[in-house]
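Q: Take a look at the letters that make up each chain.
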Amino acid sequence: MNQRLDANSTQGLPAEDPATGRVGDERIRAEAARWEKDAYRAETEIHPERRSFVTDIGLKVNPLYTPADLADAGHDYLSDLGFPGEYPFTRGERAAMYRTEPFVISAYSGFGEASECNGRFRKLLDWGAEQILVALDLPTQCGYDSDHEMATAEVGQVGVALSTLADMEALFDGISIDKVKRIGTLGNSIGPIVLAMFAALGERRGLKASEFTVNLQNDPLKEYIARGTQILPAKPAAKLASDCVAWCVDHEPGWSPMTVCVNHLNAGGAGSSRATAIALANAIHYIGLLLEKGYTIDQVAPLLHMFADERHDFFVIIANLRALRRIWARMMKERYGATLREAMALRTTVYGHGQEALGEPLNNIARTAFGTLGYVLGGASYVYIASYDEAVSTPTEDSIRTALRTEEIIAHEHGFTDTIDPLGGSYFVESLTNRIEAQILDALREVEEAGGALRVIDAGLGRRWMTEGALRRQRAIDSGDRPWVTVNLWPQKPHVPNTAFRIHPDNERRQAERLRQVRAARDEQRVRRALAGIDEACRTGANMVPPTLEAVKAYASVGEIAERWRRHYGVFSPSTDF
Amino acid sequence: MEALDIRRTARAISAVENHAGGAGEIVRKAYRAARYVPVVGVTGPPGAGKSTLVDRLAVHWADRGEKVAVLAVDPTSPFTGGAVLGDRFRMERATGHPLVFVRSLASRGQLGGLSGTATDIVMVLGDLGFDRVLLETVGAGQTDVAVGMVADAVMVVTVPGLGDHIQAAKAGILEIGDLYAVNKSDLAGATAVAGHLEANLDLVYPGSAGRNAPHGSGTPQYGNPTLRRRHGDATDALGFWRPPVLMARAREGGGIDALADATEDFLAWSRETARYDDRVAERLRFQILRATQGRLMELCLAADGEGDVDLVSLAGEIASGAVSPDEAAERLIEQWVRRASNRDA
Amino acid sequence: MLVAKVGLDGHDVGARVVARGLLDAGMEVIYTGLRRTPEQVVRAALEEDVDVIGVSILSGAHLAHLLKIRRLLDEQGAADIRLIAGGVIPQEDIPSLEQAGVSRVFLSGTPISEIADYVAAQAARKVS
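Residue numbers (our numbering), protein chains in the order written: chain A, 1 to 578; chain B, 1001 to 1345; chain C, 2001 to 2128.
To be clear, the hints were calculated from the coordinates, so they are not data collected in a lab. Mixed in with the good hints, there may be bad ones.
[Said to hold, decoys possible] Here are the computed distance ranges between Cβ atoms for each label pair: (1) Arg-2125(C) x Lys-1029(B): 23 to 31 Å; (2) Gly-452(A) x Asp-2074(C): 28 to 36 Å; (3) Glu-1327(B) x Ile-46(A): 34 to 42 Å; (4) Gly-1081(B) x Val-54(A): 50 to 58 Å; (5) His-504(A) x Arg-2125(C): 35 to 43 Å; (6) Glu-1175(B) x Arg-2125(C): 43 to 51 Å; (7) Glu-1198(B) x Lys-60(A): 50 to 58 Å; (8) Glu-2098(C) x His-504(A): 46 to 54 Å; (9) Gly-1253(B) x Arg-566(A): 47 to 55 Å; (10) Ala-1268(B) x Ala-2064(C): 28 to 36 Å.
Glycine included, C-beta positions come from ideal geometry on N, C-alpha and C.
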């Protein structure tokens, strides 16, 4: 922690700051100290504080914030905040923000078979979703076809099975992908395959790439630490992911082929500041690969998004987003020499969560609404929201509609989105923004000193941070230090209701059967030629997307393509550290 | 080929490890069977790739028809008593091989140390029909000593990039190896690490790697008498052994055959020169002393409070500054002997 | 204690936290890492002579894996090794799991101390 933080976390009178020398701040500082001593302490000596007030990221929350706190944090309006759509983008990535159109109402959804899932997508669009991110089942995400041994009991379970382009066609049958703001999927470990599938889908529809927009998560590095769908060793996985960005720079610069994720790292225990730092280090690794290939930062950075995350403390959500935009802008400009506004203005994706509980799941509606509101007040660009039953199973139709409606209420009711960055200038939020920025930068320095993104994965450091953080959270819940309604306050027995969404038991068999039909009908020679092209790209290190596009169009399957990668690059070895 | 009896083996080890009821009989039976099988110790710093190397070596010998037991030792936390036993899952080929049995052992705070228990377990494994035992330990602190004590051949593994080799020498790791393996030999610096090891060996051993004939080009200058017993001396008729330094790439399987051959060569030399028997005898002497220590403790405890045997007052005397624990122990033994002879009388 | 992940589910933070909690409670813990097969888990449990296998599952998909582990254990004469499951498991699946030989189901959010107490009691049962 740097000096700013120490000064800020001291309960007593902060040391004089000769740098500002503003008399007004001095007066306020002295008055605040007097108030704390005479009024606050006097009262809390009789009625003690009900608990210690510490955020999940370990920052202490003071009873009161005043202009003196901003002065202590070295707050400078013009250089720290500026204006929306202008450097350093603290107050927003666009000038008009939600006054022209609110954040993009987004849905992450998928289950069972493509045809069945298609019906769900149509409903989502009817209910107002503007972007659909396809949830894929685990076999697909891990590069296995639905009929592979490893797919047993997993087909269609946590997402839709997508083995070939035929499934993709069925998935979006009758949906005008050019009328939706964006379509996409995660595809973290199979980036080139899903990118190729969307490109091929557009081609089949006769659409130009500029007529629709594809968004991928395509961030394999965090999988090794937090999410667990990795296929290959981390180094080649990062190379394949960066190939997708390179290909889009060359062919579809309007697409968003990579969303670098804080989300799973924080959820897994890292805490939002450290998770943000690890994600930034991952972004630095991908950017490095692209610059090595000869791309410029102004070409690459506008295509990158970040998936921010904080789900424990409302005001930290807001401050984290604002700090992240500022860090990104400064990093792009100062570290990489970016000159384009688009390269410095970070677009953020968020997924509104709270601390969702298994008991009395309807309460999660309130939790996810507050979590989402925080992101909106922080100026997020693409907003997803968890359904109240998401902690339990694949969301049901009712819960997913309620979630979308919650987003719409936040977008249009209560005036939440009427003015830009409504909490800018709040003594608390600004001082939190500065402290979180410092915390993230310190953690980033630690990651870089440890050797950067790949080293953090290989040396087990990332996983250790995660486990320790998760354990700390668990202990805080077990001890009651972190209050949680129905868990440690008014505790209810955890209970997973029987209404949990279930996949049709025949799903796996039917999906395997469909895959057999696709294989029987395709031109095998063309498939073999295309797969040989993938081998060739493995050997030469050429961009993997063009040969993958050929293979996808020949109806080669996810498993067949990923198998070529596995053969050439080897597979990751699972870590047994904890 | 008779399959491994996994369940029986696992339970026998647990019994010995936990000093559970039945352990005494299992161990007694094993020593009576007197089936001494070669024990290959593999040690080295964390990150040297020991597990992968052990994985390859175990499969190497198992593929030649041997029944191989792997014992992977992990440190026990002195604070909680818990231990993480994770190495087995790094042994992808050995775990699941029909002729390899892999077992993790926590070092625990065992009476007589890990080596006492491990020696008993090795005997039990021999009795259960295993042909060879591989013992993997992290080369740090006490487990080092344990591997030197239990194994018939000790392989010290290192890798480039770990930094301070002087530190390794100080830590005594250069005094326990019968063979040295430089793993990940494709990494930059591997040759330098090997050169460094050779230079350190040069300080002690003349001659060339492996067997050296007697009365040759000089004699090893040991600082450590144990090494003289193990590796010999040019002045005696049997010659001496200079630990070879071999390169390996365990992950890819490179250099494994050569390492296994060198290990076999050392074991053969050790047997031919009767140093192997020496080593076993040394181990057994220690087992007697350990057993004696344990037994004496049991007897004193059993006699506590009878006659003038009185642990509580002895502890009080230490606390008041009258005696040291060593002196108290002397007194305790005297008290117990007196008590025993009075009872006999 | 063997803490296992089977199948493709990659969310292992819960499993790791439980493993760490049990370690801190003074137990000897083995964590398998991701994507193990029931066969691998059972072989490890037998060789290590564990008292309890804990399988972390986050979707109904994994019930099949649990049942297979139980069956393999029983076939190899290890009916005494307790199998417990943790994660998100619908209420109506719990009786059938228990019937099939899963001794206890700990839903997400169970305090670690509760799991540690259970495991310690099983280990004590076996020794005595």
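Q: Run every hint past the structure and note whether it holds.
A: Verification of the supplied hints:
| no. | hint | result |
| --- | --- | --- |
| 1 | Arg-2125(C) x Lys-1029(B): 23 to 31 Å | holds, 27 Å |
| 2 | Gly-452(A) x Asp-2074(C): 28 to 36 Å | violated, 48 Å |
| 3 | Glu-1327(B) x Ile-46(A): 34 to 42 Å | violated, 60 Å |
| 4 | Gly-1081(B) x Val-54(A): 50 to 58 Å | violated, 31 Å |
| 5 | His-504(A) x Arg-2125(C): 35 to 43 Å | holds, 42 Å |
| 6 | Glu-1175(B) x Arg-2125(C): 43 to 51 Å | holds, 45 Å |
| 7 | Glu-1198(B) x Lys-60(A): 50 to 58 Å | holds, 57 Å |
| 8 | Glu-2098(C) x His-504(A): 46 to 54 Å | violated, 26 Å |
| 9 | Gly-1253(B) x Arg-566(A): 47 to 55 Å | violated, 18 Å |
| 10 | Ala-1268(B) x Ala-2064(C): 28 to 36 Å | violated, 51 Å |
This entry does not satisfy hints 2, 3, 4, 8, 9 and 10, going by the numbered hints stated previously.
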